[in-house]
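These protein sequences, in sequence, are chains A and B.
Counting from 1, one number per residue, gives the positions in the first sequence under my numbering.
Counting from 1, one number per residue, gives the positions in the second sequence under my numbering.
Misleading hints may appear alongside valid ones.
[Said to hold, decoys possible] No farther apart than 25 Å at their CA atoms in a straight line, the calculated lysine to aspartate or glutamate pairs in the DMTMM-like style are these:
no.: 1; chain 1: A; residue 1: K309; chain 2: A; residue 2: D162
no.: 2; chain 1: A; residue 1: K128; chain 2: B; residue 2: D121
no.: 3; chain 1: A; residue 1: K121; chain 2: B; residue 2: D121
no.: 4; chain 1: A; residue 1: K136; chain 2: A; residue 2: E215
no.: 5; chain 1: A; residue 1: K121; chain 2: A; residue 2: E270
Worth flagging that the hints you see were computed from the coordinates, not collected in a lab.
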Amino acid sequence: MNKKPAKNPAPPADAPPRRLRRAGRRAAGVAGLAVVLGLAFNAASPLGVRWRETPETTQAPPASPPAPPAPAAPGAPVVPAPPAGSNAPASPPAGPEGAKGGKPAGPAFITPTLTHWREVKPLARAGKLVLVDARKPAAYRAGHIPGAVSLPENSPPGVFADFRRRYPPNTHLVVYCSSQSCPLSFKLAYRLAKEFGYTHVQFMSGGYLEYQREEGLARAPGIARPVNRAAPSAKAAPAATGATARATPPRDDANPMAISWARALRWRTELGAVLVDARSASAYAAGHVPGAVSLPWESAPAQYAAFAKRFGTERPVVVYGDRRGEVACFSVARKLLRDYGFQTARFIYEGYQEWRTSQDKPTGHP
Amino acid sequence: MADLTGQTDRPSLSGSEEGRGARALRWALAALLIWAALSKLANPSATLGHLYAYQLPVPAGLLKLAAVTLPWIELLCGLMLLSGWGTDGALLLVAGLVTVFLLATGLAWARGLSISCGCFDLRLVGLPPGSAATRFLESPAAAFLRNLLLAAVTVWLLRPLWRERQE
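One chain only, chain B, in its complex shape (with noise of 0.2 Å):
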């Protein structure tokens, strides 16, 4: 309700002006943000290991918080993107959550760890645990790439936001 109203109110700028492909990049970050979040909700203990070998300079007690609440606010988006309601906060929250990857993967590439990202169970798409593709993928290297390319589909999908403000 309160979207269609932002509709209304700035035809030229939101949802009714969202091309195909904007509306196509949007379903897609969803999707990638629900797998994310159901691979880390099967099994917390899991996530808050992976989490623990980042080895970031973080109290342990974040860390858990981060493991218990991180695959909620990724399925929120997620369900909020692919429904279209309140697209602005998930995106603003989906920002957030990649400048936070970016900085961890970034950092355990540069140190050169040798651990998975922790970002998807790829048994889901049906490779194997340990093939060389699953290593590359889950490599700090791979996910920062990766989470470049989501800072900028998200900063994209995020323009009429920034073409308001700079009004």
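The following block holds chain A by itself, in its conformation from the complex (with noise of 0.2 Å):
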């Protein structure tokens, strides 16, 4: 195997040891190896650090140097970082440029960073972080970001030190509020870094809308109204509209997701849409629409997936449930775009049963 041992006895003195030099040169070649097997890895994963971006992240006190301040006493190391005064007014600046300049009074922390749902969606959906909702409690309550915690920029000190026992400080916290003009996201991130010790914050400045347009849940063509993601309500269907109530009440298309027939069909030719009908599969097989697909409400998440797998999530897809002012075809619009990633849905606020009666018409849409 080797004829070496003679060179043992008599190493040159001042050279490295033959097995220490061996050792060196192996561990710089791991350390290589890892540095690609690790950029590759963080190319392909999505969890993945980004290179660029984050000009903000800067640390407030830059040039903080090594040395503890004092020899800190080692019996209390888990003492928190946050400032006493939690109830001063933060006075947080006008944006982030303001929060850059670094004043140097006021304990380290790390200043919050802007982010964007389609960077957040992947940890969200992962569970790697908290999402915040800087919004007054109605505002949550009338509809936010699935899993999202409610914690409104002007709550009493109790609820911020309820919210600071939950979450550990070193929890990855991303905050938004209503939309690009809303101040309150980066307010409660500066806050949350500043006054509670959280070292990783971000705000997602779109806010609420920015997740509504990219999950396709606001972009309604020809829609530019505020957003009610209330649920077609029965109640907004009184049973007696039958014959006269033509003309579309105005609660079913307040909703951004709800379109009409006309428009329906439309979509189907020109956009190539497909007419989904939500309704069981017994009463699809007694009559449907020609050419709808039928995919129950109430199918199992294979079905749904199939679905998704049958069309593409590209496709824009159009639902249909028995009559006006019924959930069946709200939920499955919502749930493809939700749950399944489908870019665009609709649910149609009248029904098949509006469509047949308007078939027997002449004047009814082919």
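Reassemble the complex: the two chains are provided individually, in unrelated frames, and hints are given to aid placement.
Pasting the structure below:
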């Protein structure tokens, strides 16, 4: 195997011994390999570190010397960083630029950074961060990003203390409010970092609106109304609507996901939209709009997934139910959007029955 | 193969002489490193968040590189220590790692930072996040002391190298 033992008795006195040298070479090789593997893995991972962005990730005291201020008592190592006066107004700067100035006064904290829904989404899905809703409780109740925690910016100190107890200071927080024009997300993010010592706070400046836009929840073409996420409740459609109320009742189409039969059929011919029948399989078998695909609203997740696979998530989807005001079609459309990544899904606020009666009249859509 | 050469070179100092205690320690160290590596690899972004939390006087680019690379160094070293191939090199790297960890956790402890060390994912051993045990094990103080222990083990495992050097 080797004829080297003769060399060993007399290694040169100044040169490092062979074994050490070889170990060093190997260590360097492994480190190099680790860099290569790390970069490749990071590029492939959806949770990977992004190299650019974050010019705002500045630490407030940039030149904080490594030497500790005093030989701090090791007996009290786990003292939380936040300053005592948590109810003192934070007086946040006008924007991220203000924070960058890095006032030397005040404790060390890490300035919150800007982020966007498309960066937050994979992390939120994986449960790697906590979404914090800075809006008023009423706005939160009316609709929020799934999984978000409500923490109104003007909450009393006790609420903040609770929050601090539930989420340790290294929790990755992403704060949002309603939209670009609201200052709450940055304000709250700044306070969480500065007063409560959170070390990984980001704010999503586009807010709830950005989330809705990117998830296709507020991108209804031609409808630029404030979003009303409430499901089209059965209350909205009095049972007596029947034949007289052909004109669209405002409650129904106030939902940006709602469209009319006319528009739905136009979408089908012009955009290649998939027409989905959300009623039960037996109702579908008894009669359906020609060309409609059956996807009963109580379908198992596997059926939804099969549907997504069959048509792809790019094609617009239009869902109809049995009659006006029914929730089934809405729930299918929302599920496709939320859980299966469909880009565009709408429901038709009139149902199959309305379509049939319109077919009976000569003026109906073909 | 190359390691075999080393063993025949100096049978009195290398693997063949490794006692049961040393081997057990080596494997324990390997397991710890692999655990740490997998915890970090699961989420590079979170790893970077942990590094930011240390508030080290180090440029962000370097921290990012560390977040991306460190887990892989840990993983490769862990696998090498487990298999016994290139143990010396792996131990040298681990010594370097532990030195860095000692500095970082020691600094955090001295500054009184209330952070999680980001060393291991304790959920993998069934400790719920937020529990008292988790909080203690993740505190900089505990991490620093743990690193001291690791450093001692590493140096002890490296002793054949030092002995050779002194000759």
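field: Straight-line alpha-carbon gap K128/A to D121/B, limit 25 Å
entry: 13 Å, holds
- prompt: Is the Cα-Cα distance between K121/A and E270/A 25 Å or less?
  reply: 31 Å, violated
field: 25 Å limit on alpha-carbon distance, applied to hinted pair K309/A and D162/A
entry: At roughly 44 Å apart (the allowed maximum being 25 Å), D162/A and K309/A break the hint.
task: Below or equal to 25 Å on CA atoms is what counts here, so check K136/A against E215/A.
output: 22 Å, holds
task: Take the C-alpha atoms of K121/A and D121/B, compute the straight-line distance between them, and say whether it is at most 25 Å.
output: At roughly 22 Å apart (the allowed maximum being 25 Å), D121/B and K121/A satisfy the hint.
When the structure is compared with the earlier hints, violations turn up for hints 1, 5 and for no others.
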